[in-house]
Structures are given as C-alpha cells and as structure tokens.
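> Letter by letter, the chains look like this.
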Amino acid sequence: MTDQAYNFAYLDEQTKRMIRRAILKGIAVPGYQVPFASREMPMPYGWGTGGVQVTAACLVPEDRLKVIDQGADDTTNAVSIRRFFQRTAGVATTEATTEATVIQTRHRIPETPLKAGQILVYQVPIPEPLRFLEPRETETRKMHELEEYGLMHVKLYEDIARHGQIATSYAYPVKVEGRYVMDPSPIPKFDNPKLSGNPAIQLFGAGREQRIYALPPWTEVVSLDFDDHPFETSKAPHDCDLCGAQDSYLDEVITDDQGGRMFVCSDTDFCAGRRAKGHAGRLGAGQKSSKTFANSFEGIWPGTEGAR
Amino acid sequence: MTMMERMAVTDQPLLRVEGLTKRYGPRIGCADVSFDLYPGEVLGIVGESGSGKSTLLSCLAGHQRPDLGRITYDGRDVLAMSETDRRRLSRTDWAYVHQNPRDGLRMGVSAGGNVGERLMAVGARHYGEIRGKALDWLGRVEIAPDRIDDRPSAFSGGMQQRLQIARNLVTSPRLVFMDEPTGGLDVSVQARLLDLLRGLVRDLGLSVIIVTHDLAVVRLLAHRLMVMKSGRVVEQGLTDQVLDDPQHGYTQLLVSSVLQV
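So the protein lines, in turn, are chains A and B.
Each residue of the first sequence is one higher than the one before, counting from 42 in the working numbering.
Each residue of the second sequence is one higher than the one before, counting from 986 in the working numbering.
Derived from the structure by calculation, the hints contain no laboratory data.
A quick note: this is a predicted structure, and the numbers were derived from the prediction, not measured.
Just so you know, not all the hints are guaranteed correct.
No farther apart than 20 Å at their CA atoms in a straight line, the calculated lysine to aspartate or glutamate pairs in the EDC-like style are these [what the hints assert, rightly or not]:
1) 216(A) x 186(A)
2) 183(A) x 1068(B)
3) 183(A) x 1070(B)
4) 183(A) x 1088(B)
5) 57(A) x 81(A)
Can you build the whole structure from these sequences, using the hints too?
As structure tokens, then:
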C-alpha cells in the first residue's frame, strides 16, 4: 500500500470534522471535557492516540510539526509520531520550538515560550482529575456540573498530612478561569505556571478515554493549593550539566554503576539551542548529544556478533 | 431559654412534610406521612424493621424521590429545587449520618481528611485551620488526636461511627438526619454521644430527625416521637407521653418489648 492511499493526515474528513467540533466546543468551554468518538489508531493506547487524533484534525499542509516526548525530540514515541505524520500528511517537521506551528507533546511544555498562532497538543492518559478520588464517572460528571471540587482539596490535604507538603509533583490539578478543575496531563508541576496566560492554543486529547479539552490563548489557569501551603514548582536543585541552564526542568541520568549521575535539560531543543550559542555546563564540552551518540552505533550492530 | 420558649418564639417550622408517599412498585415504602419540625427540635421515628422509617428518612434527605407529597424546608419547596441547590443544601445546612459508617466515610482518606472534606467543600482553604477543626471534632467524639492521619479502615466500628458524626457536624448544619446512629457504639460512648447531641441541639438550635429502634435513645434525645408500622404513622406525640401512655396497640407492644435491666 502506498502512502497516497491514506487521506491527508490519516483520518478521513468526516472524522476530522467530528474532532474539530469537539475541539471548538472545548475551546468555547475552557477546561470542560468534551466527549468524542475516538478512533482506532495504528498505535497502542498509551502512545498518544488522543494527541495524534487532535493533531491530525488540526494539521494543514502548510504546518510545520514538532513532536516531543518527555521534552525530547528523539525518543521512540516522538520519532514514531513525527514519522507517522511525515508519511500520512507530508508536512514539514522541525525540532525547533520557535519554528513549529503545531507541537504534539507528552509530559512537557517546551522551555522556549510559545507564541500566538502555535498549537500545543497534549497526550492525556486520564483526563478526569477526580478519577482516583471518586471512581464513578456519573458522579464525577455531576461534580463538574455542580462545581463540587472539595474532594480535590481532600487529596492535597492528604498529601500534606502524610508528607508535610503537597507531594503531588505531576498531573497537578488546576482550575481554569475559576470554573472547571482540569488535569493538565502528566506534565511536571514545574510546567503548571506556563499553562496560564499562554498565547498559544493548548489542546488535550485522551484517546482511550475519548475526551478532548482545551485552553484558548490567554486563559487563566490556577494551580490548586491551600492558603498556608501555597503552590510551588519543583525541579532538581542542579544546573544542566550540558548547557548550564539554571531554570529549566532537568532529567537525572545515571551514567555508571558507581553512583555517577548527570542532570540534563529534559527539553532537548532548548538544551541544544543553548549549547549552539556557546553555553556550557559542568560536563558540557566533552559530552555528545544523545543523537550523535545514537548515530555512532550505526554500522556497528551487524558486526557485533563477530567482534569477539 | 427553655425548649418550649424557643419553640414559641419561632412559630415557623424548619421542615414541613405533607402527605409524603413512596412506593416500591405495588409495595408501600411509606404512605401519607405528615409532620412539622421546628428549629431546635429532635424528632424520633421508631418502628420495627420494614416499617418504612428508613425510606421516609432517605426521601426527606433527598436520596430518593417520593411519589407524592410536599417537603418544605425553611420556606422553600425541596422537591421543586434544582439539583445544584439541593446538593448545596445537603452539604451546608443538612447532614446525614448513615447507619453503616462505611457508607458515610471515605475509607481511603485519613480521619482528618474525612472531617475536613465538608469544610473544603464549602470553601475552606487554610490547611492549619482545617486540621485544627478536625482535631477539635475528633476530640469531641473521643477519638485520640494521634489517630488523625489514620484511615477509617484501621478504626473499630464504633470509632468509624463517631468519626462519621464528627464529619457531619463539623460544618454546623441546621438539620441532621440520623439513621440508627448509635448502632455500633458501646454504652459509655453512646451516653457521651447523646450528651453531645443534646448539647449541640441546645447551643446551635440544631434540628434532628433520628430513626432508631432503641427506645432508650429516643427517650433521652427526642422531644417528639413518631411510631411507624407498615409504612404508616400509627401514633405521634411528645416522647414521654407516647412512651408512658401508648395508645396504639403496636406502640404498646413496642414499649412492653423493651428489656428492663
């Protein structure tokens, strides 16, 4: 089968129309979970089927797509989704946040501030913020309808009672425009402040749960907290070892079995951009990028059997 | 001010029930129940199992919708209210103490969180104050303060029931529905609980509708008594009057069935 056998961006036009309706409704009611008829996608649930459908419904041929997974452009999930749209939509792709018009993301918001006109598409595993507090879907819908969000604070209360502080570090619940409590997908709470007042359109797609929700540009998003335990962002107390950035979200990488470790920006584009401008961290000069490292294996694999 | 004076001052009933009927198919849950409840008054509903007292209570509390009748709370028609208003009412002005504490508690949430939930539901956002109030209420129902972070699943049945009562009363409701609240409590705590409830009724002008088959409880607590049988009210009046001089045959049977210690 050739790639031309698919409609532009894989989904048929009727499906895209249905998803666009859901997106428009989501934008009209910020933070409200709009049900939609999620389709089977050629990838497993949990790999971003919701995000892929939202992206497919948003893409036009002129778009330039960026896909990130935990901040990185070169991990399996990101590579496979980017390749999927290269093949089925033929759109240009990029790794640069500033050049992209549509960014599909899993678990991160790029460090580089977004601009008006960009669309950020989140992959959402569980859209319902109240799910683990109230198992009945009928009841959680009613709670959203009637704005009964006391239970959300019970969760935060439990955190403080147990750990002395709000220990929820990702998927930190937020209130949108003073109305709906929303799960921001499993982004670290470090990224929560970027949700609010963002000039880009933010769309959330949950494929298995069949829900779409959205934040239109410049939406007010407040992280829930207590008066005497205010919301605080958190990150590893280090600088990036490659680019030296002090204010970006870091991944911890174990480098050997002697306790060696390094901290690197989880946003690979941000980190690479800083190094290109000459910034360097503790290990900056001598380190290869993960991509250079991966490429260095090419041509080695077939020969490894005979290497001994 | 004594109870009688207070009742004389407030001549408007807090809750007025007229002709309440609930059927389960051809069977009668409760039929044609009417009464007025005044602020600060405790109404006991007694009767044997299956007499419709629990059905009546769940209709009053809005858990079930009656087939016929009117319920007026504080001048407002409860059955005509929107669900938003009714649910707001049931987490601010009303409280419901379940017979089985596991129905009224969140078993996966600590005792403090259980007590604090209603506070947070009505907008409390200060952790220290919520915890302070939770501690205060745990003390009032004789739960040791060091159990505040334990889950109710680690509590005995009696402690769970006391916790449920604390959780319900923390927002100072005006009307409390109780379904066999003293079922799992040992005698000393039961006595203390009855004391506490009497104190609250006096201090806060709390109105209570209490369903029980323990005549000792209603004797201590209830100002007025309603006796139900087969879904109908067979006798009602002042508690002492009904218990000391029962008129209806069933009430006579009920009163004479109590074991004397």
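> Hint by hint, say whether it matches the structure.
Taking the hints in turn, this is what the structure says about them:
1. The suggested pairing of residue 216(A) with residue 186(A) holds, with an alpha-carbon distance near 14 Å, which does not exceed 20 Å.
2. Note on residue 183(A) and residue 1068(B): the hinted pairing holds, with a Cα-Cα distance of about 10 Å set against a maximum of 20 Å.
3. Pair hint residue 183(A) plus residue 1070(B) holds up; C-alpha atoms about 13 Å apart against a cutoff of 20 Å.
4. At roughly 19 Å between alpha-carbon atoms, residue 183(A) and residue 1088(B) fall within 20 Å of each other, so this suggested pair holds.
5. For the proposed pair residue 57(A) and residue 81(A), the alpha carbon gap of about 13 Å is at most 20 Å, so the pair holds.
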